[in-house]
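Enquirer: Put chain B on the given structure of chain A with help from the hints.
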Amino acid sequence: MSTQLRNNVHILGEGKQPIVFAHGYGCDQNMWRLLTPAFSEQYRIILFDLVGCGRSDLACYDRKKYGTLQGHAADVLEIVAEYASAPAVFVGHSVSAMIGLLAAVREPERFASIAMIGPSPCYINDGDYTGGFTREDILSLLDTLDSNYLGWASAMAPTIMGAPDQPELRQELTNSFCATDPEIAKHFARVTFLSDNRADLPKLQQRCLILQCSDDVIAPVEVGTYMHRVMPNSVLRIVENVGHCPHLSAPDAIITALHEFLAE
Amino acid sequence: MTVTQSQQPVFSPYEKAPCALLTTLPNGTILRVNETFSAWFGYAAADLVQKKRMQDLLTTGCKIFHQTHWLPLLQMQGSVAEVQLEFVHSAGHAIPALVNAVQHVEPTRTTTEIAVFVASDRRRYERELLHARRRAEELLEVTHTAQQAVSLAEARLRLALDAAQLTVWDVEVTSNVITFDAAAESLLGLPVEPMAIARFREHIHPEDRGPEELAYAQALRPDSTGNYTAEYRFIGGDKLERVISSRGRVFRDATGQLVRFAGVLQDVTSRRRAEELLKEQERQSRERAVLLEQLVGIVSHDLRTPLQAVSLGASLLGSDKLTPMQSRTVSRISSAASRAHRLILDLLDFTRAQLGGGISVAQTHCDLHAVVADVVDELKLAWPGRMLEQRAQGDGACVLDADRISQVVTNLVTNALTYGRPDLVVTVQSSVTQDHCRLSVHNYGPPIPEELMPHIFEPLRRGEQQVKLGSRSVGLGLFIVQQIAAAHGGSVTVSSTLEQGTTFLVQLPVRPATTMGDLR
Numbered sequence: 001m002s003t004q005l006r007n008n009v010h011i012l013g014e015g016k017q018p019i020v021f022a023h024g025y026g027c028d029q030n031m032w033r034l035l036t037p038a039f040s041e042q043y044r045i046i047l048f049d050l051v052g053c054g055r056s057d058l059a060c061y062d063r064k065k066y067g068t069l070q071g072h073a074a075d076v077l078e079i080v081a082e083y084a085s086a087p088a089v090f091v092g093h094s095v096s097a098m099i100g101l102l103a104a105v106r107e108p109e110r111f112a113s114i115a116m117i118g119p120s121p122c123y124i125n126d127g128d129y130t131g132g133f134t135r136e137d138i139l140s141l142l143d144t145l146d147s148n149y150l151g152w153a154s155a156m157a158p159t160i161m162g163a164p165d166q167p168e169l170r171q172e173l174t175n176s177f178c179a180t181d182p183e184i185a186k187h188f189a190r191v192t193f194l195s196d197n198r199a200d201l202p203k204l205q206q207r208c209l210i211l212q213c214s215d216d217v218i219a220p221v222e223v224g225t226y227m228h229r230v231m232p233n234s235v236l237r238i239v240e241n242v243g244h245c246p247h248l249s250a251p252d253a254i255i256t257a258l259h260e261f262l263a264e
Numbered sequence: 001m002t003v004t005q006s007q008q009p010v011f012s013p014y015e016k017a018p019c020a021l022l023t024t025l026p027n028g029t030i031l032r033v034n035e036t037f038s039a040w041f042g043y044a045a046a047d048l049v050q051k052k053r054m055q056d057l058l059t060t061g062c063k064i065f066h067q068t069h070w071l072p073l074l075q076m077q078g079s080v081a082e083v084q085l086e087f088v089h090s091a092g093h094a095i096p097a098l099v100n101a102v103q104h105v106e107p108t109r110t111t112t113e114i115a116v117f118v119a120s121d122r123r124r125y126e127r128e129l130l131h132a133r134r135r136a137e138e139l140l141e142v143t144h145t146a147q148q149a150v151s152l153a154e155a156r157l158r159l160a161l162d163a164a165q166l167t168v169w170d171v172e173v174t175s176n177v178i179t180f181d182a183a184a185e186s187l188l189g190l191p192v193e194p195m196a197i198a199r200f201r202e203h204i205h206p207e208d209r210g211p212e213e214l215a216y217a218q219a220l221r222p223d224s225t226g227n228y229t230a231e232y233r234f235i236g237g238d239k240l241e242r243v244i245s246s247r248g249r250v251f252r253d254a255t256g257q258l259v260r261f262a263g264v265l266q267d268v269t270s271r272r273r274a275e276e277l278l279k280e281q282e283r284q285s286r287e288r289a290v291l292l293e294q295l296v297g298i299v300s301h302d303l304r305t306p307l308q309a310v311s312l313g314a315s316l317l318g319s320d321k322l323t324p325m326q327s328r329t330v331s332r333i334s335s336a337a338s339r340a341h342r343l344i345l346d347l348l349d350f351t352r353a354q355l356g357g358g359i360s361v362a363q364t365h366c367d368l369h370a371v372v373a374d375v376v377d378e379l380k381l382a383w384p385g386r387m388l389e390q391r392a393q394g395d396g397a398c399v400l401d402a403d404r405i406s407q408v409v410t411n412l413v414t415n416a417l418t419y420g421r422p423d424l425v426v427t428v429q430s431s432v433t434q435d436h437c438r439l440s441v442h443n444y445g446p447p448i449p450e451e452l453m454p455h456i457f458e459p460l461r462r463g464e465q466q467v468k469l470g471s472r473s474v475g476l477g478l479f480i481v482q483q484i485a486a487a488h489g490g491s492v493t494v495s496s497t498l499e500q501g502t503t504f505l506v507q508l509p510v511r512p513a514t515t516m517g518d519l520r
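So the protein lines, in turn, are chains A and B. With our numbering, the residue at position 217 of the first sequence is 217, and numbering never jumps. With our numbering, the residue at position 78 of the second sequence is 78, and numbering never jumps.
Just so you know, the hints here were simulated from the structure itself, not pulled from any lab data. It is possible that some hints are incorrect.
Said to hold, decoys possible - Beyond 12 angstroms from chain A on every Cβ pair, some chain B residues (computed):
| # | residue |
| --- | --- |
| 1 | Ala182 |
| 2 | Gln294 |
| 3 | Gly394 |
To be verified - Label-pair distances were calculated between CB atoms; the ranges are:
| # | chain 1 | residue 1 | chain 2 | residue 2 | range |
| --- | --- | --- | --- | --- | --- |
| 4 | A | Ser40 | B | Val49 | 41 to 47 angstroms |
| 5 | A | Glu41 | B | Arg124 | 51 to 57 angstroms |
| 6 | B | Ala146 | A | Lys186 | 51 to 57 angstroms |
| 7 | A | Ser40 | B | Arg32 | 39 to 45 angstroms |
Treat the numbers as computed from the prediction; the structure is a model and nothing was measured. Every residue, glycine too, gets a C-beta built ideally from N, C-alpha and C.
Isolated chain A (complex conformation):
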């Protein structure tokens, strides 16, 4: 199985320095389309879909392999080995921040630096640690996924309201964006939101940027400050943003922060 087909890998950009963008839980590599133009001149951009999401090969979704984030980390290492000729910059959103961390801990020589957007090593509150959720909350999410089972399973009903300013995107988006096998989505949700990678944080050797939103229900500010505290080589930046996807709602701020971090 080629990694290209398995992970729907796309290569963009004119530069030499490889930069990997890894999407978070819920959607696919389309999430990066507001960011990629700002990096295409200087970088070789590697985009991919996590197996089970977007246009990855769903037949490859092995519940045992992807029962922990290590399965996705192994895929990232294969992608980097195949498409990056030099140590890569890894930009991971949400759960992919942890996937990148695990990959970089396993094979540090393949990564130049790591940037994390809205990361969380553990979503569930545990003693002094504030993850933002209880186990019941996560079960409630799985329930919500069930509620939307039919909607997503039928690959999004045609959007009657459309996207007036970008009609060319409509077809593509309605087919793939956020739509996947609902059972896989549920399994991935369980793996993502019940994961705990706090012990792995101090093992990261590379420079690391933590981009923390000022108001993010999924990754509260406490999570960002906790990570910064336990990761010796980390930089914490708070982005003024409501929500979990600043690269969509505040792309300019994210671009600026990334450029500054990479220029150092």
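Expert: Chain B only, in chain A's frame:
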């Protein structure tokens, strides 16, 4: 009558719309809600506008979903449709709702227009559908697993059938059509297409057809066990005869209705041939044994007649006046003739014991001591100069074959005199207790060699010791003693040491008086 416009209550399609409507900023901050929204979810507009974000009104699970699915979708494509979210009513309970949204990008600001439809019923229905689908998938999985188990079981069965060289048959009982599996072709030498039972039976050897049909009909009878067993010669399409063993069973459902009649065939030709060969060999060896027994019987019997003439002649001669030399010769002739006579008797007994049904005994009331005394007196005459003593204990009344017991005493005492020290006494003891008749013969002298002990009662064994002239022994004596003891339901044992000498002990059970009538 005219009514002025201002007197009519103002009807606002927005406020009274049949769905809840709200307008938010991209970050979710609520700018406006309609009356329907307030009514459905229990919030006054004043408590929401500029004070709450839409996501604040969602359950926790929906908040995550809102972040990971709704917002990216809205930001990417400017609209979302038919997303199910749960709003929390001000009273605390969750209300499932179907939500559509569209973004309005204006020069000054971007807003989101959201329409909410309460979808409790639809959601219930969808859940039922979902559960039904999951149940169906589970059943499919169960079916799949069951099918796998079945095919595994079939593969194992096939393996077992192949290993045992069995072929499966199956009769459709309404049409009487029999079907075989592929292995039948070489077994039967026939093409394996389904065929009528009658056509199949045409290949069965005519002599075996009747029994097979009987077994078949018997198995199908409602009151039978349903088991079918038949063995028949079968002439295949290749004209070769083979022997087929067929076993089967009738299967009925709970109501007793016939469902299946199926079983296995096995080619037992070689087994049957081997059995027949074995039977033939047995028959031949039995015939030879009978012939041998008859031969020995005839020879022994025919020898007795001339021997009797010799004995009679010797005794007649003995009555006249003879020279000492003639007298000794006559005595030797007489003794040799009687020895030959005893040998012939032993030979006859041996033949009966070995080849026939064993030595027969005819038990009658007698006195053990008297039987022993007769033999002892006789042997004292035959072995002059030897010490022979009888010790009888208590009453000797018992039930025995007196002639056979005489034979036992003769054989044992003759042995004792032959092998025992000539200068020491040979003792015969006899007793009858409540349970046993006991008879023992003791002599002093060198013990029986240890290596001979385990085989001492086998025929044609005897001590290596030089046999004296006049003793009679061809190695059958002890074998016959043992056979006679066994025929009485008893046993004979031996103990032999240098210090204690040698003792043979015969023990016979005493028959209860009540069964005496049955004794032969």
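Enquirer: Now, for every hint given, state plainly whether the structure supports it.
Expert: Tested hints:
1. Under the 12 angstroms C-beta cut-off, the non-interface status given to alanine 182 of chain B relative to chain A holds; the minimum distance is some 37 angstroms.
2. In this structure glutamine 294 of chain B is separated from chain A by more than 12 angstroms, as the shortest Cβ-Cβ distance comes to about 85 angstroms.
3. No beta-carbon of chain A comes within 12 angstroms of the beta-carbon of glycine 394 of chain B; the shortest separation is about 93 angstroms.
4. For serine 40 of chain A and valine 49 of chain B, the Cβ-Cβ distance of about 42 angstroms falls inside the hinted range of 41 to 47 angstroms, so the restraint holds.
5. At roughly 54 angstroms, the beta carbons of glutamate 41 of chain A and arginine 124 of chain B sit within the given window of 51 to 57 angstroms.
6. Checked against the hint of 51 to 57 angstroms, the C-beta distance between alanine 146 of chain B and lysine 186 of chain A comes to roughly 26 angstroms, which is inconsistent with it.
7. A beta carbon spacing of about 40 angstroms between serine 40 of chain A and arginine 32 of chain B agrees with the range 39 to 45 angstroms that was offered as a hint.
In terms of the numbered hints stated before, the structure departs from hint 6 and from no other.
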